[in-house]
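> So the chains spell out like this:
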Amino acid sequence: MWNPKAECLPREELEELKLERLKNTVRHVYENVPFYRRKMDEAGVKPEDIRSLEDIRHLPFTTKEDLRENYPFGLFAVPLKDVVRIHASSGTTGKPTVVGYTREDIEVWSEVMARTLGMVSASSEDVVQIAYGYGLFTGGLGVHYGAEKIGCTVIPTSGGNTKRQIMLMRDFGTTILCCTPSYACYLVEVMAELGVSPRELKLRAGLFGAEPWSEGMRREIESNLGIEALDIYGLSEIIGPGVAAECLCKEGLHIWEDHFLPEVINPATGEPLPPGEEGELVFTTLTKRGFPVIRYRTRDISFLLPEPCACGRTHVRMGRVKGRTDDMLIIRGVNVFPSQIEEVLLSLGYTEPHYLLVVDRERRLDVLEVWVEVSESIFRDEVRGLEELEEKIRREIEAVLGIAVKVRLVEPKTIQRSEGKAKRIIDRRDLR
Amino acid sequence: MSVKQISVFLENKSGRLAAVARLLASRGINIRALSIADTSDFGILRLIVDRPEEAYRALKEEGFTVSLTDVLAVAVPDRPGGLAPALEALSEANLNIEYLYAFVARHADQALVLLKVDDRERAVKVLEEAGFKVPSPEEIYSL
Ligand SMILES: [Zn+2]
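Chains A and B are the protein sequences, given in the same order.
Per the numbering used here, the first sequence runs over residues 1 to 432.
Per the numbering used here, the second sequence runs over residues 1 to 143.
The set of hints was computed from the structure by calculation and includes no laboratory data.
Looking from chain A toward chain B, a few residues come up when the C-beta cut is under 7 Å (computed):
hint, residue
1, F379
2, D381
3, R408
4, L409
5, V410
6, E411
7, P412
8, K413
Even glycine gets a Cβ: it sits at the ideal position worked out from N, Cα and C.
Here chain A stands alone, though its shape is the one from the complex:
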C-alpha cells in the first residue's frame, strides 16, 4: 500500500475531510470561474448553502458540452501563469476538451496514481512499462508521474510498435505493464506469432484501463501472461488515470474519495441513485485547483459498493464500468453493451474473441447482427458443427440480451484491430 494512512482513513474522518474539501472547491469555482457562478446563480445556490455532503445535489451538473463550449481555457480556475501542464482529449467531432493542472494538481495526480500502482505493491524494485499514449492524452504521463513518485524504473514506450514493446518487455525485464486491456490482448496475440513465451518475461502484474473490459478478458490476460491483471479507472476531465483502482480482491475499484467525490445518477432524469444501483457515474473533484469540476457527468455506467473491503482500504468501491451511456446501444428499447457479448463468447470457450456489433434498421425495425471471427480455438471441420456453434452463440446472446440477434461467422482479421481502443460497434441506423 502506498499511503496506508490516507487509504485506510476511518470513514468518519474521511466524510469530514470530503465535506471540508467540497466546501472549499465550491467556493473556489464560484469565485474564479464565471461559468460556475452563472450556473449556480441560475439554480439559486450559494457556496454557503453546501452544509452537508448531501447538499451536493443542489449543484448543477457539468457536461462534456459545457467543456467544449468553454474551449479552450474558460473553465480554468487559476490564471494561465499558474498552470504547468495542459492535456486535451481528442473529441471525434468538434473541439477537444482542454484541462489544465497547477503544480499542486500534478502532485495530487502523482499521489493517486502512486496509490493505484500500490495496488500491486509497486516499488523501486519494479520496472514499469507504460504503453498508454503519451502526449495530449492523459494516460501515458499520468501513470508516468505516479510510477516515478514511487521510484519505479519507468519505460515510457507509449502506444504502438507492438514488436518493439515485446522486445523491450523481455530485454528490460518489465515487471508491471500499463496499457488498455484490448492492447494487452493484442500483445498476447503478437507474442504468440513471434514465438515469445511469457516464461521469458518477468511480468508479474498489469494495470489496464481507459476502456471497459470484462471478467472473462481478465482471466484470458492473467492466464496467458501469468500475471495479476487489475482494472484502473480515470478520465482526463477529472484528472486522468488514477481516479479509482482495483485492489487484489478484484471486487470493485476503490475511488480515491479524499480527492474525488462520486455519485451515481439516473442518466435520464439526473436523480441520484442509492448505493448498489446501476447508473451514470458523476464526479466532483475535491482538491484540484487549476481545473476543478463540479458534478461532471462521465457517461460511464457503474454502481457504488459501500461495503468495507477485505483489503482494509476504507474508500468506497465502484463496480467495473460496464459501458458508456454513449457506447450503450439501445436496440428496440433494450440496453446492449459490447461487454455482454464478450462474456458470452468467453463462456463458450472462445479465447480472445474478436467480434463486432452491427446495428441496422430494416423496415423500421432495429436489427442487431453479431459478427464473430472464427479462430482456431472454435473452428471445426464440419459444417454442422459450425452451424451448431453459430446457433449456440445466438441462443446464449439472446438469453443475455433478451432480444433477437443474427450471428455471422466471419474470417479472421475481418474486424479491424486497433492498438488503442477496440472498435466494437457499427451503428448504421443514422446513416439514412
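Assemble the complex: chain A is given as a structure, and chain B with the ligand must be docked to it using the hints.
Frame of chain A; chain B with the ligand shown alone:
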C-alpha cells in the same frame, strides 16, 4: 494410415477460394483433391495437397483459420457401383461417415475416395477385410 487434410474456414464471398489457390501455387504446393461444404454464409474448404504441413503453415501465416484433419483414402473400382460395397462394409460395421469426396486422379486404374469417419483405425480394417486397398499417405501425396 491417415491422410492429412487441410480444412480452411472461408466466408461465402467472391475471391476467397482463389486467394487460397493463389497462395498455395506461389509456394509450389499442388492441390490433389478438393471439396467445399458450404452454407449461405460460410464454407469449409477441404484440400489434399502434396505437402500438408507446409500448406497449413502458409495458410495460417496468411491469416486463414485452418486445421489439419485426419481422413482416410480408399481405392475402389472405377465403374458404376464401385463405391457401394465399401460404404456397405462400413455401414455394417456401424462406422459413421461424416463426409466423403473423390479424387480426380486415379490410382492403379482405381478411383480414389476420401472419407472422414469417426473410427479411422477400425474403418481401415473393415475396408481391407472387404477387399479394398487403402493407399498410404505417401502414395496419396505423391499422386
Ligand atoms: Zn480493497
